[in-house]
Amino acid sequence: MEKSAILKEAWARLQGPGVFTTVDQAGNPNSVYVLGMKLLADGRIAVMDNYFSKTRANIKNGSRGSFLFLTGPHEPYQAKGPLAYLESGPEYEELKASVPERFPRLAAVLLTVEELYSGARKLV
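Taking my numbering, the leading residue of the sequence shown gets 1, the next gets one more, and so forth.
Keep in mind the hints are simulated off the structure, nothing from the lab. Because the structure is a prediction, the values reported are computed rather than measured. Check each hint, because a few of them may be wrong.
As the list claims (entries may be wrong) - Below 25 Å or equal to it, Euclidean Cα-Cα: the simulated DMTMM-like pairs (lysine to aspartate or glutamate) are:
hint: 1; residue 1: K8; residue 2: E115
hint: 2; residue 1: K54; residue 2: E115
hint: 3; residue 1: K8; residue 2: D42
hint: 4; residue 1: K3; residue 2: E101
hint: 5; residue 1: K60; residue 2: E115
hint: 6; residue 1: K38; residue 2: E87
hint: 7; residue 1: K60; residue 2: E91
hint: 8; residue 1: K54; residue 2: E87
hint: 9; residue 1: K122; residue 2: E87
hint: 10; residue 1: K38; residue 2: E115
hint: 11; residue 1: K54; residue 2: E91
hint: 12; residue 1: K60; residue 2: D42
hint: 13; residue 1: K8; residue 2: E93
hint: 14; residue 1: K122; residue 2: D42
hint: 15; residue 1: K38; residue 2: E91
hint: 16; residue 1: K54; residue 2: E101
hint: 17; residue 1: K8; residue 2: E75
As the list claims (entries may be wrong) - Pair ranges (Cβ atoms, derived):
hint: 18; residue 1: L86; residue 2: K3; range: 15 to 25 Å
hint: 19; residue 1: G119; residue 2: G89; range: 26 to 36 Å
hint: 20; residue 1: K122; residue 2: E101; range: 31 to 41 Å
In this text, a Cβ means the ideal position worked out from N, Cα and C, and glycines have one as well.
My request is simple: use the sequences and hints to build the entire structure.
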């Protein structure tokens, strides 16, 4: 099965928040829970920057990212890949429309999935 099809099927069963991880220039990880998230039609994962600080700095310094989410019943998926930080454009507007206005909605972070795991098993 193709990467985007696997991800789409798993995303349809997503439960709860996701965990988004970046690393700083010294290699120290920083993880945050996120609710403002969306799987885009092209298979990228979009995460809304509402209150990022260390995460934003890590992205702007070239960090790659990891996105972890659970599906029912408690099946973990982890996607890894490069990140893009967008403060405008169609992807930003699509994600912004799905996040309530009470949040700052500063930017969309797009993770291009290069690796996909279910637990310890590498899917692609």
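25 Å limit on alpha-carbon distance, applied to hinted pair K60 and D42: 23 Å, holds
Under the criterion that the straight-line Cα-Cα distance not exceed 25 Å, is the pair K54, E101 satisfied? 23 Å, holds
Beta-carbon spacing of G119 to G89 - inside the hinted bounds 26 to 36 Å or not: 34 Å, holds
Can you confirm whether the C-alpha distance between K8 and E93 stays at or below 25 Å? 21 Å, holds
Regarding the pair K122 and E87, is the alpha-carbon distance no greater than 25 Å? 32 Å, violated
Is it true that the CA of K54 sits at most 25 Å from the CA of E115? 24 Å, holds
Keeping to a limit of 25 Å between CA atoms, is the pair of K38 and E87 held or broken? Within the cut-off at roughly 16 Å; holds.
Just to be sure I understand the hint, the distance between the Cβ atoms of L86 and K3 should be within 15 to 25 Å; is that true here? Hint holds: Cβ distance 22 Å, inside 15 to 25 Å.
Mind checking the alpha carbons of K60 and E91 for me, to see if they're no more than 25 Å apart? 18 Å, holds
Starting from the hint 31 to 41 Å, judge whether the C-beta atoms of K122 and E101 obey it. 39 Å, holds
Are the Cα atoms of K54 and E91 separated by 25 Å or less? 22 Å, holds
Holds or violated: K8 and E75, Cα atoms, limit 25 Å. 15 Å, holds
Checked against the numbered hints above, the structure breaks hints 4 and 9 and satisfies the rest.
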